[in-house]
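Residue numbers (this note's numbering), protein chains in the order written: chain A, 204 to 516; chain B, 204 to 516.
Since the hints were made in silico from the structure, they are not lab data.
Incorrect hints may have been included.
Facing chain B, a subset of chain A residues (Cβ under 8 Å, in silico) [as the list claims (entries may be wrong)]:
no.	residue
1	Lys286
2	Val298
3	Pro335
4	Asn354
5	Leu355
6	Ile442
7	Val444
8	Asn445
9	Glu446
10	Leu450
11	Glu452
12	Val455
13	Gln457
14	Pro458
15	Leu462
16	Arg464
C-beta: ideal position from N, C-alpha, C; glycine also.
Number of protein chains: 2
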Amino acid sequence: MQKFCVLGGGGFIGTNLILRLRDQGADLRAFGHPPTFPETVPGVAWTTGEFDDTEALWRCIDGCDVVYHLMGGSVPGKADADKVGDLRRSVENTVRMLEAARGGGIGKIVFVSSGGTVYGITDRLPIQENMPTDPITAYGVSRLAIEKYLNLYRHQYGIDYTILRVSNPFGEYQTARQGQGLVATLLICAFTGRRFEMWGDGTTIRDYVYVGDVTNALLAAAHPRLPERVFNIGSGTGIDVNEMICLVEAVVGQPITCLRRPSRPVDVPASVLDVSRAGALLGWRPTYAMPDALDRTARWMKAFLAKETARGI
Amino acid sequence: MQKFCVLGGGGFIGTNLILRLRDQGADLRAFGHPPTFPETVPGVAWTTGEFDDTEALWRCIDGCDVVYHLMGGSVPGKADADKVGDLRRSVENTVRMLEAARGGGIGKIVFVSSGGTVYGITDRLPIQENMPTDPITAYGVSRLAIEKYLNLYRHQYGIDYTILRVSNPFGEYQTARQGQGLVATLLICAFTGRRFEMWGDGTTIRDYVYVGDVTNALLAAAHPRLPERVFNIGSGTGIDVNEMICLVEAVVGQPITCLRRPSRPVDVPASVLDVSRAGALLGWRPTYAMPDALDRTARWMKAFLAKETARGI
Chain A
204 MQKFCVLGGG GFIGTNLILR LRDQGADLRA FGHPPTFPET VPGVAWTTGE
254 FDDTEALWRC IDGCDVVYHL MGGSVPGKAD ADKVGDLRRS VENTVRMLEA
304 ARGGGIGKIV FVSSGGTVYG ITDRLPIQEN MPTDPITAYG VSRLAIEKYL
354 NLYRHQYGID YTILRVSNPF GEYQTARQGQ GLVATLLICA FTGRRFEMWG
404 DGTTIRDYVY VGDVTNALLA AAHPRLPERV FNIGSGTGID VNEMICLVEA
454 VVGQPITCLR RPSRPVDVPA SVLDVSRAGA LLGWRPTYAM PDALDRTARW
504 MKAFLAKETA RGI
Chain B
204 MQKFCVLGGG GFIGTNLILR LRDQGADLRA FGHPPTFPET VPGVAWTTGE
254 FDDTEALWRC IDGCDVVYHL MGGSVPGKAD ADKVGDLRRS VENTVRMLEA
304 ARGGGIGKIV FVSSGGTVYG ITDRLPIQEN MPTDPITAYG VSRLAIEKYL
354 NLYRHQYGID YTILRVSNPF GEYQTARQGQ GLVATLLICA FTGRRFEMWG
404 DGTTIRDYVY VGDVTNALLA AAHPRLPERV FNIGSGTGID VNEMICLVEA
454 VVGQPITCLR RPSRPVDVPA SVLDVSRAGA LLGWRPTYAM PDALDRTARW
504 MKAFLAKETA RGI
């Protein structure tokens, strides 16, 4: 039976991945900050720890067939505010983990990179995996540096890996508490009447992918020695902020009030991924239609907000 | 009058650059470890310091029109032996410097990157600047990460920069003391009768560029706001180890004895740069013919070894 470990299992994608793996009865461990939703982790061998505690981390991943690396990945804005800290937290700690793995002990690493930031501003859309990577955010640079170190350790020590460059994920367990996730933020605004702060004129285009599709891709990426090592994971479709506001308003049945702010230099104007490589080589494609995915997410958010209200938050 | 600062001015390329700038009567400062050849720096405002001493470094570069970043760049083999240390020394310290430069104070940064390592193993030769960058050495990864941070700070804070991806430089002031530089090592073997340790069968192909050409490129790169930001700097010609042995034997007039060792996984089999972009946009091309460049280098090495012998080293 395959052994899995999820590093950063307490976050948005991690929670979804753990639930899916648990449903499949997988031999499962997790490591990271305390889970945002502790109710999702009973039955999972959970280790609470910091990513820079390489010894504790190694005890957790040693002997695993698949290590999902989702750590240090949640808050792009914070990375820009403290670029040195971001470099240490994400890149340096990854190198420390890879150093520990040099002598063997793990089967492969699946790393969730950022399809929305590693490419920077591109000449063409949709973006293919072999296009230039010139990030304009610290988050994008550190994700890219991790990708390069993974390739280095594969070359020097034979450590297998797969990189998923995930576009803009949304879905259950995304709370928007750290100012992240357009869909989650819009749902909160629609349900609570809070005003939506819009950076720019709402024409910024993103590729929004439902987390159910992301977890499907994560499972597909677990197979050893895939013929390519980097895969875009997205919907393959661009939606701008104004369109998404309309879609969320339609799903919730409530209008959203916008408060306009000047655009930020860290925002790429448009990002849409070409996901044909994942289709051809992982047998993966996005399967949830946008209205269905938004509806699932809205129902989760409604229940989540009701619980928060009941708790007096 | 333009003000220049050379970070890492005490090394091989730094020494050559300082001599050239001094000959031109430039307003010149330098920062770094104590110079290998102190006789080259009188008349230069020299600050001895560590690259992680951001305050001392900033005092040195504040107000400069052109900052040459040549630090942390000399010993690829050491980077692989201590990847975390290399990441800190080269990438993290560069980010600290860029943080200090956010508010202005310097005109532009010229960074010496590594044309021989940032590309990794390529499909085609010669290598063009827009080809994939998948280094197989830690040194290549950290050079590439610095390139990406430079681009980030340009985007976010308008800090101008130019990157020179220099191939395998050789010439005066390369001592091979840290096991680096094929030409310098072969010259020492030819002059002293020491055996040459050859890794692999001698068919590894490199693009050897004379340091006089490299300093020409560094001067050309000082111009502000060039239309491209990354330039290959090399001879554009591939030479394998066996050929170079013959060339050096011919220049010195002495045979070299080889001691064969197994090849190392960190060696890219072949690296030759396409330097046409630098020709078109910097007006730069390699001007020294190989026999002439080797002859100049051999004369310097002979004098250097004679001085070492006189000193009893």
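Each hint, compared with the structure:
1. Lys286: holds (5 Å)
2. Val298: holds (5 Å)
3. Pro335: holds (7 Å)
4. Asn354: holds (5 Å)
5. Leu355: At 5 Å from the nearest chain B Cβ, leucine 355 of chain A passes the 8 Å test, so the hint holds.
6. Ile442: violated (25 Å)
7. Val444: violated (21 Å)
8. Asn445: It is violated, given that the least Cβ distance between asparagine 445 of chain A and chain B is near 25 Å, above 8 Å.
9. Glu446: violated (27 Å)
10. Leu450: violated (31 Å)
11. Glu452: violated (34 Å)
12. Val455: violated (35 Å)
13. Gln457: violated (37 Å)
14. Pro458: violated (35 Å)
15. Leu462: Cβ of leucine 462 of chain A sits 24 Å from chain B, so the hint is violated.
16. Arg464: For arginine 464 of chain A, the interface hint is violated, since the closest Cβ of chain B sits about 18 Å away, which is over 8 Å.
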